[in-house]
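Protein chains in written order, with numbering that gives the first Met the number 0: chain A, 0 to 282; chain B, 0 to 282; chain C, 0 to 282.
By construction, these hints were calculated from the structure, which means they are not laboratory data.
A few of these clues could be false.
[As the list claims (entries may be wrong)] Heads up, simulated DSS-like pairs for lysine-lysine below, C-alpha to C-alpha not over 25 Å straight-line:
id, chain 1, residue 1, chain 2, residue 2
1, C, Lys214, A, Lys256
2, C, Lys265, C, Lys137
3, A, Lys137, A, Lys265
4, B, Lys265, B, Lys137
5, C, Lys137, B, Lys214
6, B, Lys137, A, Lys214
[Said to hold, decoys possible] Computed far set for chain A versus chain C, every beta-carbon distance over 12 Å:
id, residue
7, Val145
8, Phe201
9, Ser245
10, Gln279
Note that the Cβ used here is the ideal one computed from N, Cα and C, for glycine as well.
Chain by chain, the residues run as shown.
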Amino acid sequence: MKHQKPPAAESTQVRLARRTPTYWRVTFDHPPLNILGSEAIVQMSEIITALEADERVKVVVFDSAVEGFFLNHSDFLARLEDVTSLPPGPTGLQAWPDILVRLTRAPVVSITLIRGRATGNGSEIALASDMCFASREKAILSQWEVGVGLVPGGGPMARLPRLIGRGRALEVLLGADDIRGDLAELYGYVNRSLPDADLDGFVDALATRIASFDKRAIIDIKRLVDAANLPHDVEIGAGWDAFLASIVRPAAQERIKTFIQRGFHKPGDVENRLGHYLGQLGR
Amino acid sequence: MKHQKPPAAESTQVRLARRTPTYWRVTFDHPPLNILGSEAIVQMSEIITALEADERVKVVVFDSAVEGFFLNHSDFLARLEDVTSLPPGPTGLQAWPDILVRLTRAPVVSITLIRGRATGNGSEIALASDMCFASREKAILSQWEVGVGLVPGGGPMARLPRLIGRGRALEVLLGADDIRGDLAELYGYVNRSLPDADLDGFVDALATRIASFDKRAIIDIKRLVDAANLPHDVEIGAGWDAFLASIVRPAAQERIKTFIQRGFHKPGDVENRLGHYLGQLGR
Amino acid sequence: MKHQKPPAAESTQVRLARRTPTYWRVTFDHPPLNILGSEAIVQMSEIITALEADERVKVVVFDSAVEGFFLNHSDFLARLEDVTSLPPGPTGLQAWPDILVRLTRAPVVSITLIRGRATGNGSEIALASDMCFASREKAILSQWEVGVGLVPGGGPMARLPRLIGRGRALEVLLGADDIRGDLAELYGYVNRSLPDADLDGFVDALATRIASFDKRAIIDIKRLVDAANLPHDVEIGAGWDAFLASIVRPAAQERIKTFIQRGFHKPGDVENRLGHYLGQLGR
């Protein structure tokens with residue numbers, strides 16, 4: 000967050016398409032790296048509000064239009080204030096965790112389709128959505144934050160242990176390495192990994208199927224599942240606070256600065272093999 | 000529940016066999032489809048009471064005598080009142096959820112052996128029992144209810160997310176598709192899937208093994224495991240209430256009626272490939 | 000606990016090596032069977048205290064120097080009082096459960112490397128540590144206790160259902176059988192099983208990697224993960240109390256005595272194929 004750049008012209012980085020009144024698609028489209036900045040957060044927030052308000056939509060699929068990147072880490076060339084100065088959402092949480100907990104509780108079924116890197120925010124969207132299917136060959140999930148001295152802010156400490164167990168959650172969060180499709184499936188980090196050629200057809204068929212069911216029954220089932228083991232917002236908020244505390248520490252600032260000097264935040268090998276380069280950073 | 004049929008003569012649809020004083024078998028035997036009606040519920044309730052009261056029994060195995068069907072959905076040709084007018088059980092819950100929560104807490108180890116379809120009630124018995132082993136080739140698990148606009152009533156919204164994680168639980172419950180042995184094992188929906196030829200021998204050896212252990216130690220271990228993450232009865236009751244609310248809604252009544260017209264509730268392709276036909280119903 | 004032997008000369012059964020100031024190794028080295036007695040408990044307690052107090056250590060790996068045995072069951076030739084008379088630890092729990100809950104909460108990442116048998120205490124250390132990697136060919140995990148009429152004392156009833164789900168936890172705890180690497184991985188009992196030739200390199204690389212990260216971020220992430228689903232100490236204490244109640248019952252004393260007569264507690268086939276012989280004991 001030490002570097003600055005001029006504010007970008009407003010652009011649509013998160014595109015919403017209503018395939019049918021009951022089946023929507025949300026596409027992350029911010030080339031070349033699908034980095035998540037404050038503009039995309041504002042756009043996501045508006046989409047969540049639309050999903051909450053619409054009486055007909057039953058299914059939303061999240062995917063990416065950017066080759067190699069489903070959804071990436073935050074924008075470290077922008078000012079931290081660009082994100083923290085956004086107004087808190089209806090849950091009282093700051094914008095990004097607010098979006099994630101509202102997505103989880105929204106009266107609509109959310110399915111994440113992961114092709115390319117789901118790093119940081121990308122993994123957090125997958126964990127906050129209702130189901131997640133990954134490309135066996137092309138998906139990479141990663142909670143990379145500890146590698147630069149950060150604590151992840153979008154809820155993975157709360158969600159991962161409930162989803163995949165404490166031991167594997169700690170490996171994902173403290174190893175900070177790239178998790179490919181096969182391992183993500185074995186761990187239950189995603190519902191399933193499918194051959195890349197089958198992935199789009201599978202997700203589209205499932206979304207179309209669910210969109211043909213009765214919305215009231217869908218909502219009641221989801222609500223009762225969430226009674227079983229959803230983390231409380233306070234737990235998500237504690238994770239976000241730990242992220243904010245971590246990002247201003249010199250240990251993190253120095254690692255981020257060094258990492259940017261090595262190629263982080265630019266198209267190339269560091270972004271493509273993030274896990275490998277994180278392992279070199281602190282030696 | 001719009002259709003009626005004359006009350007059947009009393010028959011034994013759920014057979015209890017005491018292989019030894021410590022090892023019992025319970026066999027669902029209501030051909031041709033192993034549909035669960037009020038008679039079977041009464042018989043199951045009596046068996047649970049016997050399991051609770053017997054001081055020697057340590058293990059009970061649930062299996063089926065009906066080719067292709069472990070235990071199927073409820074009887075939609077009977078009157079709903081046949082089930083809802085049964086007296087509530089000792090837990091205060093209505094008969095079917097009462098049976099399931101008592102099975103889970105019974106001072107005996109329950110093992111479900113799934114060959115053929117475990118649809119609705121069949122899946123709910125598997126989830127309420129202590130362990131479940133499935134035929135790799137012949138087991139099909141299914142929480143099919145949302146496909147006809149129903150909410151499942153026997154606890155899967157409470158049990159599945161604790162067992163297999165939120166994402167896979169929502170896929171099972173909202174996809175309403177047929178889950179075969181391999182996928183059920185990958186998801187942890189069952190303990191393991193075994194080659195069909197090995198299944199009976201495996202389960203019998205495990206049941207015999209456990210029956211050779213000390214009952215007091217068995218009970219204490221089970222009781223302490225259940226301290227960790229058993230859903231409260233209130234949560235199971237909320238699921239049952241949501242089921243009762245869903246079944247009287249026109250959306251469900253119309254889908255059930257149409258589905259019966261297409262072959263549901265009769266031996267044939269709709270019952271055999273239920274997941275496929277559910278996907279056609281709402282289009 | 001009926002048999003006695005003279006107190007052994009003090010020996011180092013649990014060796015601590017500081018590979019670097021940030022990366023420590025703890026090696027169980029009590030040949031021929033790596034049985035855990037009161038001396039090893041005292042040594043483990045001192046190591047946990049050192050891990051808690053050291054400001055630099057970030058990672059600790061637990062492994063074994065004994066061929067065929069990672070860490071084994073308790074010493075049944077010693078007096079029970081040797082263990083129960085140890086002073087309770089800072090948590091208020093008796094020494095062994097105190098060690099385990101302190102390990103889980105310690106401000107350091109613990110990784111268990113399992114080669115050979117992890118029986119009883121060995122499995123409990125694996126479950127209490129933060130991550131666990133096993134030899135595909137040579138690891139055997141086992142909660143064997145019910146086979147001799149005991150309830151396990153070191154927390155597996157609390158930890159296993161949260162880690163691998165209720166059904167698989169009950170199978171492990173009530174089947175009391177040997178669980179090999181492949182099945183342990185499928186069940187999520189361990190993070191992963193690796194080919195034996197790759198295991199040491201994999202664990203060393205992961206430990207070195209984590210040791211290169213920022214300690215404060217590591218601790219905050221672990222603390223937040225533990226907010227999600229760590230069992231309360233009271234639950235661990237209840238398991239220990241159930242163990243103490245079980246070991247004085249005649250049913251357990253007789254089985255243990257018979258088992259010792261058959262070769263338990265001596266190098267040989269009973270110790271090597273413990274699961275098999277437990278299945279013969281009560282017939």
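In rising order, the numbers of the hints this structure does not comply with: Hints 5, 6, 7, 9, 10 are the ones this structure does not satisfy, whereas the remaining hints hold.
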